[in-house]
Amino acid sequence: MGNMSDLKEREDKLQGMGTSLLRKEDAKFIRGQGTYVDDIKLPGMLFGAIVRSPYAHARIKGIDKSKALACPGVVAVLTADDLKPVNLHWMPTIGGDVQAVLADKKVCFQMQEVAMVLATDRYAAADGADLVEVDYEELPAIVDPKKAMDKDAPIIREDIVDKKDLSHGPRTHPNHIFTWEAGDKAAADTAFKNAEIVVREEILNPRVHPCPLETCGCVASFNKATGYLTVYMTTQAPHLVRTVLAMLSGVAESKIRVVGGDIGGGFGNKVPIYPGYVVAIVASIVTGVPIKWIESRIDNISTTGFARDYHGVGELAADKNGRIKGLRFTALADHGAFNSHVSATKLPAGLFSICTGSYDIPNAYCRVDAVFTNKAPGGVAYRCSLRVTEAVYLIERMIDVLAQKLGIDKAEIRRRNFVKSEQFPYTTSLGWTLDSGAYHPALEKVLEAVDYKGLRAEQAKKRTDPNSPTLMGIGLATFTEIVGAGPTKVCDILGIGLFDSCEIRVHPTGGVIARLGTMTQGQGHATTYAQIIATELGLPASDIVVEEGDTDKSPYGAGTWGSRSTPVSGAATAQAARKIKDKAKKIAAHLLEVAEGDLEWEIDRFTVKGNPGQHKTMKEICLVSHTGNLPAGMEQGLNAVSYYDPPNLTYPFGTYLCVVDVDKYTGESKVRRFYALDDCGTRINPMIIEGQIHGGLTEAFAVAFGQQIPFDDNGNHLGNSLMDYFLPTAMETPHWETDHTVTPCPHHPIGAKGVAESPHVGGIPCFSNAVIDAFAHLGVTHMDMPHSAYRVWQQCNALGINKR
Amino acid sequence: MAKTQTVSFQLNGKKVETAVEPRELLIHTLRERLLHTGPHIGCETSHCGACTVDVDGMSLKSCTVLSVQCEGADMLTVEGLEQGGVLHAIQQAFHEEHGLQCGFCTPGMMTRTYRLLKENPNPSEQDIRYGIAGNLCRCTGYQNIVKAVQSAAKKLAATATA
Chain A
0 MGNMSDLKER
10 EDKLQGMGTS
20 LLRKEDAKFI
30 RGQGTYVDDI
40 KLPGMLFGAI
50 VRSPYAHARI
60 KGIDKSKALA
70 CPGVVAVLTA
80 DDLKPVNLHW
90 MPTIGGDVQA
100 VLADKKVCFQ
110 MQEVAMVLAT
120 DRYAAADGAD
130 LVEVDYEELP
140 AIVDPKKAMD
150 KDAPIIREDI
160 VDKKDLSHGP
170 RTHPNHIFTW
180 EAGDKAAADT
190 AFKNAEIVVR
200 EEILNPRVHP
210 CPLETCGCVA
220 SFNKATGYLT
230 VYMTTQAPHL
240 VRTVLAMLSG
250 VAESKIRVVG
260 GDIGGGFGNK
270 VPIYPGYVVA
280 IVASIVTGVP
290 IKWIESRIDN
300 ISTTGFARDY
310 HGVGELAADK
320 NGRIKGLRFT
330 ALADHGAFNS
340 HVSATKLPAG
350 LFSICTGSYD
360 IPNAYCRVDA
370 VFTNKAPGGV
380 AYRCSLRVTE
390 AVYLIERMID
400 VLAQKLGIDK
410 AEIRRRNFVK
420 SEQFPYTTSL
430 GWTLDSGAYH
440 PALEKVLEAV
450 DYKGLRAEQA
460 KKRTDPNSPT
470 LMGIGLATFT
480 EIVGAGPTKV
490 CDILGIGLFD
500 SCEIRVHPTG
510 GVIARLGTMT
520 QGQGHATTYA
530 QIIATELGLP
540 ASDIVVEEGD
550 TDKSPYGAGT
560 WGSRSTPVSG
570 AATAQAARKI
580 KDKAKKIAAH
590 LLEVAEGDLE
600 WEIDRFTVKG
610 NPGQHKTMKE
620 ICLVSHTGNL
630 PAGMEQGLNA
640 VSYYDPPNLT
650 YPFGTYLCVV
660 DVDKYTGESK
670 VRRFYALDDC
680 GTRINPMIIE
690 GQIHGGLTEA
700 FAVAFGQQIP
710 FDDNGNHLGN
720 SLMDYFLPTA
730 METPHWETDH
740 TVTPCPHHPI
750 GAKGVAESPH
760 VGGIPCFSNA
770 VIDAFAHLGV
780 THMDMPHSAY
790 RVWQQCNALG
800 INKR
Chain B
0 MAKTQTVSFQ
10 LNGKKVETAV
20 EPRELLIHTL
30 RERLLHTGPH
40 IGCETSHCGA
50 CTVDVDGMSL
60 KSCTVLSVQC
70 EGADMLTVEG
80 LEQGGVLHAI
90 QQAFHEEHGL
100 QCGFCTPGMM
110 TRTYRLLKEN
120 PNPSEQDIRY
130 GIAGNLCRCT
140 GYQNIVKAVQ
150 SAAKKLAATA
160 TA
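The listed protein sequences derive, respectively, from chains A and B.
Residue numbers 0 to 803, in numbering that gives the first Met the number 0, belong to the letters of the first sequence in order.
Residue numbers 0 to 161, in numbering that gives the first Met the number 0, belong to the letters of the second sequence in order.
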């Protein structure tokens with residue numbers, strides 16, 4: 000073995016796992032040299048602008064294109080009738096439904112796509128879109144999902160009125176999409192019947208939008224000569240998109256290239272395939288020229304990628320000591336006008352059944368009823384795995400409700416119900432096997448760090464002071480996430496399993512290129528994956544290049560969403576590297592004329608056991624692997640590809656604590672302190688992890704305190720620009736304190752669990768719990784988000800505490 | 000298409016002259032005609048600041064000004080921060096402090112920082128948070144951006160006294 004300083008120097012040189020390596024991707028972004036989709040300009044390119052419906056529900060009686068076509072610069076106007084000959088006026092959704100690409104005879108939500116105007120530049124396209132005349136006959140709209148299945152409710156989807164099911168079981172009403180359930184209802188009901196204490200609360204996760212700073216868009220370019228279609232687009236899942244485009248268009252999948260390029264944030268918004276993409280592609284196939292379509296911000300918030308809209312009811316049954324005996328959670332899900340909800344085929348309500356949280360709950364049952372309304376379609380996961388925020392919000396709120404009912408401290412009730420460290424792997428009563436966890440130590444570490452007892456004492460004192468202008472609230476969330484979709488036996492989309500991939504090629508001088516099926520949107524993949532390879536192969540991260548997002552280059556994978564990149568592709572990366580290392584070891588043994596068993600790995604080389612002076616570095620082996628001096632029968636090269644099908648999902652967890660001071664007279668909540676402890680298993684790049692946590696907490700703050708897409712009774716948007724939709728600025732955003740514990744994932748090759756969504760999923764209930772805790776002594780058990788000053792003031796006013 | 004007219008201004012130290020529509024927004028002229036795609040379009044309603052450029056000593060949201068208004072202006076975009084192959088202290092600081100993730104807000108954020116530090120070379124954290132409040136970021140939660148601005152201020156002060 001080399002001396003310690005030599006070993007350390009060699010290890011430092013790699014900048015592998017565990018180091019806060021500065022990001023490789025920054026070099027282009029700090030120079031303004033990113034290549035986002037709207038930066039792409041191809042010769043002869045036309046610009047598409049969409050004509051949208053002003054009504055939430057209306058029949059289309061006629062469309063007059065003549066004025067638009069006479070507008071200078073306008074080349075064509077496409078409507079549903081123009082897409083009919085290629086049978087692309089409707090498209091199948093991954094939710095088992097169909098969605099209108101351009102409205103066919105009627106519109107079902109405000110801002111629905113009715114026509115696309117193609118013109119020589121974006122100004123001319125906008126002019127043309129203004130001049131398309133559509134004759135509508137307005138119909139009554141359904142806005143409240145609770146009224147969607149009323150007997151006399153207007154039928155939103157006449158096109159499928161005769162369909163008995165939409166791939167997820169029988170429908171009971173024309174506006175019913177599916178009913179999905181999990182768990183043992185009879186056992187849960189019995190637990191409630193025998194319970195000493197029962198609590199119930201109606202809890203809303205309002206309709207929100209991920210709102211990345213870059214909107215959605217594409218440049219579609221079909222070459223009529225070669226029959227080759229290239230689509231530059233904002234997508235988090237380029238390979239799945241290519242497959243769907245092949246199914247839709249009839250173009251061979253080998254002749255379709257989808258390029259993700261640089262993505263200006265995704266947060267779930269850029270997973271689905273939207274009508275705008277499809278019309279642009281069809282237009283390019285028909286015209287043979289490239290077509291660009293870019294959403295405006297108002298288009299983005301109004302039509303693509305809303306999240307949540309889960310109207311939940313939570314019930315817990317417990318004994319007098321606060322031990323939970325039973326859980327019943329239900330949700331009415333508003334999916335809008337088409338079921339283009341993003342979900343794995345077998346999981347129409349996503350991973351909602353993770354709703355037992357971090358707790359040992361013997362009996363549980365949950366159910367989701369999804370309905371159509373006259374709102375934008377879909378339902379994406381906003382910085383969380385599918386429906387996980389909804390689930391975690393319910394359980395983390397309900398355990399507080401239970402604590403208040405019993406007068407038990409909110410940290411103590413969690414201690415009493417946690418799955419204990421020795422119980423892992425732990426299978427929940429709703430069927431998930433939590434891989435690993437250490438919940439008690441995480442909670443205690445946070446309580447000590449913030450002096451929880453001191454905070455509670457301060458709060459108690461404040462509550463006795465009638466002159467205090469503020470109410471003090473302490474919020475806790477001790478969440479468990481479920482990420483890394485996922486095992487192909489559980490998770491597929493359109494029949495394609497949600498495995499992921501990595502291909503590694505090592506060059507003669509030790510440079511490495513790795514290509515993956517995922518798609519970075521700011522998470523720092525080029526750095527993180529390089530660090531995994533650096534540690535596994537003993538080659539410096541600086542010489543490792545990572546490429547993603549171009550389907551012509553990278554192996555097939557399901558993309559980046561649901562915190563799946565590290566849990567799935569990170570594992571594929573380690574496995575591909577290990578294949579290479581196995582081959583390198585054989586070469587080293589051959590060169591050193593020893594048996595493989597006589598070798599051991601030391602940072603960047605194989606050494607002969609007991610004789611460390613005899614060694615071969617990886618760099619030496621890289622060169623030799625491209626020569627003839629190889630073991631008999633071995634082929635040249637040092638390449639490998641790995642497809643990783645995870646045996647289980649991963650379960651990151653954390654304890655968050657928030658202190659708020661609520662102004663009794665204005666309702667304004669000030670976050671005094673936010674302490675976030677995350678356990679994401681093995682930590683690859685601490686700097687990037689912290690950055691992800693800061694960002695996720697800020698998005699949680701946005702949801703908890705201000706985000707909501709409101710509608711009036713006619714289905715008109717009441718806030719779809721950044722004037723109304725809350726994106727926190729640096730002024731509102733609190734300071735974040737971060738901490739961690741490390742409980743490796745037992746099945747992942749390097750023990751990593753994924754992290755970027757935890758702060759969003761855990762942050763939202765933590766904020767809500769803090770605000771509501773401020774009112775706990777006044778008998779308040781729940782207030783729906785967003786906790787804007789006006790809404791909180793209304794609570795103060797109702798309680799009569801806002802009078803000086 | 001409306002008639003065009005010629006507008007000329009200094010862009011990152013070089014004189015440019017281009018034909019624009021009278022109604023054309025500066026961000027579109029910069030991106031589509033002058034191929035400066037560093038400034039981005041995030042909202043087109045002057046809320047997000049992704050299109051921020053520096054015009055005549057002021058931070059300016061280029062989605063809210065007509066190109067014809069910029070006749071004779073002296074303009075700086077992100078592309079002009081690096082000088083002679085050397086990164087500006089602000090660029091270096093954003094990299095070192097992990098002040099960016101997806102990179103979409105970054106050009107506007109750095110261009111805003113450039114002006115902020117000219118106006119106030121030694122800002123407090125509150126000054127910085129207030130000073131960049133016209134620029135939205137969805138990824139970082141601003142904490143590392145604040146650190147980057149503080150670091151850039153230190154670097155610039157060190158160069159000034161050196």
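Calculated directly from the structure, the hints in this document are not laboratory data.
By construction, the Cβ of each residue, glycine as well, lies at the ideal position given by its N, Cα and C atoms.
Worth double-checking, as some hints may not be accurate.
[Claimed, not checked] Derived CB-CB ranges, DEER-like:
1. A:R455 <-> B:N119: 37 to 45 Å
2. B:L34 <-> A:E132: 53 to 61 Å
3. B:N119 <-> A:H776: 56 to 64 Å
4. A:K40 <-> B:T63: 17 to 25 Å
5. B:R22 <-> A:K669: 54 to 62 Å
6. A:Y227 <-> B:T3: 46 to 54 Å
[What the hints assert, rightly or not] Which stretches of chain A does chain B cover? Using the computed rule of at least three CB atoms under 8 Å from a CB of chain B, they are:
7. 28-35
8. 529-535
9. 611-622
Evaluation of the provided hints:
Take R455 of chain A and N119 of chain B: their Cβ atoms lie about 41 Å apart, and the range 37 to 45 Å holds. Between L34 of chain B and E132 of chain A the C-beta distance comes to about 36 Å, which lies outside the given range of 53 to 61 Å. Take N119 of chain B and H776 of chain A: their Cβ atoms lie about 44 Å apart, and the range 56 to 64 Å is violated. Distance hint for K40 of chain A and T63 of chain B: a CB-CB separation of about 23 Å, consistent with the stated range 17 to 25 Å.
The hinted window of 54 to 62 Å between R22 of chain B and K669 of chain A is violated, with their beta carbons roughly 44 Å apart. The beta-carbon spacing between Y227 of chain A and T3 of chain B, approximately 35 Å, falls outside the hinted interval of 46 to 54 Å. Counting residues of the region 28-35 of chain A whose CB lies closer than 8 Å to any CB of chain B gives 7, so the stated coverage by that chain holds, three being the minimum. Only when three residues or more bring their CB closer than 8 Å to a CB of chain B does the claim for the region 529-535 of chain A stand; here the count is 0, and the claim is violated.
Coverage of the region 611-622 of chain A by chain B is violated in this model, with 0 residues showing a Cβ closer than 8 Å to a Cβ of that chain against a need of three.
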